[in-house]
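**Q** The lines below spell out each chain.
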Amino acid sequence: MKQPIMVQDSGKDKVLVYVWEAPVRLTHWLIALSVLVLAGTGIYMGNPFLIAPGEASDNFYMGTAKLIHFYGAIVFSLAVVTRLLWMLLGNAYARWNQFVPTSTRRVRGAADMLSYYLFLRRNPPPTVGHNALAGVAYVGVFLLYLMMIITGLAIYSVSAHVDYPMGAFGFLVPLVGGLQSARWLHHFGMWLILLFVVNHVFSTIEVSALERNGVIGSIFSGWKTVEKEQLDLGE
Amino acid sequence: MDKRVNDQFLEELNARGVSRREFLGFCAAVAASFALPGKAEAEIAKAVATKPKPTLVWLEFQDCCGNTESFLRAGQPSAAEIILDLLSIDYHETVMAAAGHRAEEALKKAVEENKGKFIAVVEGSIPTGAGGAYCTIGGRSALSIANEVCSQAGATIAIGTCASFGGLPAASPNPTGALSVAEAVPGLKNLINLSACPANAENLAALLVYWLTFDRWPDLDRYRRPLFAYGKSIHDNCERRAHFDSGQYVEQWGDPGHRRGYCLFKMGCKGPVTFQNCPNIRWNSGTNWPIGCGHPCLGCAEPNFWDSMAPYYNHLALDKTGAQPNIDKVGFWATLGLGGAFAAHAVAKIAGSKSRVIAESAASTSGKGEEA
Ligand code: HEM
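From first to last, the protein sequence lines are chains A and B.
Take 2 as the starting number for the first sequence in my numbering and just add one per residue.
Take 2 as the starting number for the second sequence in my numbering and just add one per residue.
The reader is advised that the hints may include incorrect statements.
Okay, derived cross-link-like pairs now, EDC-like style, lysine to aspartate or glutamate, Cα gap no bigger than 16 Å in a straight line [as the list claims (entries may be wrong)]:
#: 1; chain 1: B; residue 1: K116; chain 2: B; residue 2: E149
#: 2; chain 1: B; residue 1: K109; chain 2: B; residue 2: D91
#: 3; chain 1: B; residue 1: K350; chain 2: A; residue 2: E212
#: 4; chain 1: B; residue 1: K355; chain 2: A; residue 2: E207
#: 5; chain 1: A; residue 1: K67; chain 2: B; residue 2: D246
#: 6; chain 1: B; residue 1: K233; chain 2: A; residue 2: D164
#: 7; chain 1: A; residue 1: K67; chain 2: B; residue 2: D237
#: 8; chain 1: A; residue 1: K15; chain 2: A; residue 2: E212
#: 9; chain 1: B; residue 1: K52; chain 2: B; residue 2: E23
According to the in silico footprint, chain B covers these stretches of chain A (three or more CB under 8 Å from chain B) [said to hold, decoys possible]:
#: 10; region: 46-53
#: 11; region: 146-154
#: 12; region: 200-213
By construction, these hints were calculated from the structure, which means they are not laboratory data.
Where a beta carbon is used, it is the ideal one built from N, C-alpha and C, also for glycine.
Chain A on its own, in the form it takes in the complex (with noise of 0.2 Å):
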């Protein structure tokens, strides 16, 4: 199953195309929503810097902290794992091949952004979905995620309430490490993590402002203006 890509005219040699479908846009949102509150709350339980003052029923800073995380961890698993399915359900430009280049077009695309990054070119390579080089850094990014997911079940499974079912993620715990390796891992990955978003939100505002093509609109609406001559149905 595939959608197919809607376009439409759109003045004399300019065409709209729906680029993102609304689980793209849903997930991504959701996914920016929830990364800003797990790493909010998760630098706090890594480094308490707040204390309480009183006696300790009469607070419970940890305690929400980590409430307010297990509910985004809850609302970022259940996004990224939507946005995975959607890479075999979605149009062509969130599908898989998006981001593992497969073509020798991707791989050029692919160098011809860095060598626009590196000031080697003068303007990006045109693309209407994600560029090549985006693409590549998004798998990275998705491992990611699920290292996060991983490791964040790993440490939940072993103070899950005896017969819980969240305990059976126990088996994880060897897998990566041992808890304080996983801890380990949780904790830099939320810095590589902070360290995409910086660039991705640069990064868009950038190419926004040079290509005048309405990405920033794209992911609130879904559409794309594109050059008809740029016009790349994603195959």
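With chain A fixed as given, assemble chain B with the ligand onto it according to the hints.
**A** For chain B with the ligand alone, kept in the frame of chain A given last:
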């Protein structure tokens, strides 16, 4: 108590200063720690008093004798320790009077006469480097002794973290090629790990009583440790847990939080990733335990604790020596730095394209001008 319970046994206990009441209390505690139903207490008492005591052979390899110390040095022997005393310990290098050939004969005899029935307790890791030359007893390598003795035992207890997981001798770079019992003697039947540095004598006693009563080991976790003693994290049973959830932490040795008994998380406590019943049974006849006296848990009951739990007084560090800067500081500055770099890149590109646009439009206007 059951009439069939051996009077001689009770007399023996009495002679050592343990009353019948204390003995039954111990049996009830054992039953409770295994979450056994009501009648089990009497069952246990009967088994302990009447069943023939299993022969125990205690082997020491690459160890510090800490587990032996742990169970010999009780200030006030409890019922548990006396049960251990009453076991027929036929070979134990540290405590036995015999030496040299007589000691080796004792081991040989104990193994041969109780083949398939005796319990082998192994303390210390087993070196395999240099053909096993790093630890030899009577000219034989630890590896060959362990293979011979444990493979003929009815059950093997790896006591302490070294025997359970390799422990300190196996820490990086593991110069002697030290292995745990499970790795050195693969395929052992009825092997159980009683990790920690040292293992708690109360757990050993409870475990032996269980074996005596039911002829099998209790349920084990994924590292072959008995769940009754290793089923919950230190953190989840910790008496300072309320301070953790509340947000009250020790930040420096001897600060007001330390004096008030706050949580030791920020001082590097590994309680959340360590499994043992220390908070419940404590040490030295229940006197106290590390966190109880203000010291963070080092995680000694976990595999590779010497490598994976370091640095001991830091929650997490970028590298294991703890000499490197704080992981959050590095992360924060890296994120800020990358943000700055991208901002600069964007400014350069956008400014470049703007000036190009201006230049191009200027060129085209001037072109038009020429045409006109
Ligand atoms: C982008 C995603 C996430 C980020 C940035 C993140 C961040 C963090 C951080 C920094 C910590 C503190 C680690 C430490 O220093 O000990 C933490 C703890 C934890 N996280 Fe996450 N996390 C994420 C996703 C998840 C997910 C998907 C789960 C799944 C269950 C999870 C479960 C946990 C658990 C159980 C803890 C330990 C809580 C405790 O100490 O009691 N996290 N997280």
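**Q** Each of the hints needs a verdict: does it hold here or not?
**A** We went through each hint and held it up to the structure:
1. For a cut-off of 16 Å, the pair hint linking B/K116 to B/E149 stands: about 11 Å separates their Cα positions.
2. In summary, the hint linking B/K109 to B/D91 is supported, as the alpha carbons are separated by about 10 Å, within the 16 Å threshold.
3. At most 16 Å may separate the alpha-carbon atoms for a hinted pair to count; B/K350 and A/E212 meet this at roughly 11 Å.
4. At most 16 Å may separate the alpha-carbon atoms for a hinted pair to count; B/K355 and A/E207 meet this at roughly 13 Å.
5. Only pairs whose Cα atoms come within 16 Å are accepted, and A/K67 paired with B/D246 is accepted, the gap being roughly 9 Å.
6. Between the alpha carbons of B/K233 and A/D164 the distance comes to roughly 13 Å, so the proposed pair stays at or under 16 Å and holds.
7. With a C-alpha separation of about 14 Å, the suggested pairing of A/K67 with B/D237 holds against the 16 Å cut-off.
8. For the proposed pair A/K15 and A/E212, the alpha carbon gap of about 13 Å is at most 16 Å, so the pair holds.
9. A threshold of 16 Å between alpha carbons decides the hint, and for B/K52 with B/E23 the separation of about 19 Å lies outside it, so the pair is violated.
10. A count of 6 residues in the region 46-53 of chain A with a Cβ less than 8 Å from any Cβ of chain B is obtained; the coverage claim is therefore met, three being the minimum.
11. Counting residues of the region 146-154 of chain A whose CB falls under 8 Å from any CB of chain B gives 0; the rule of at least 3 is not met.
12. Counting residues of the region 200-213 of chain A whose CB lies closer than 8 Å to any CB of chain B gives 7, which reaches the minimum of 3, so the coverage claim holds.
Against the hints set out earlier in the document, violations occur for numbers 9, 11.
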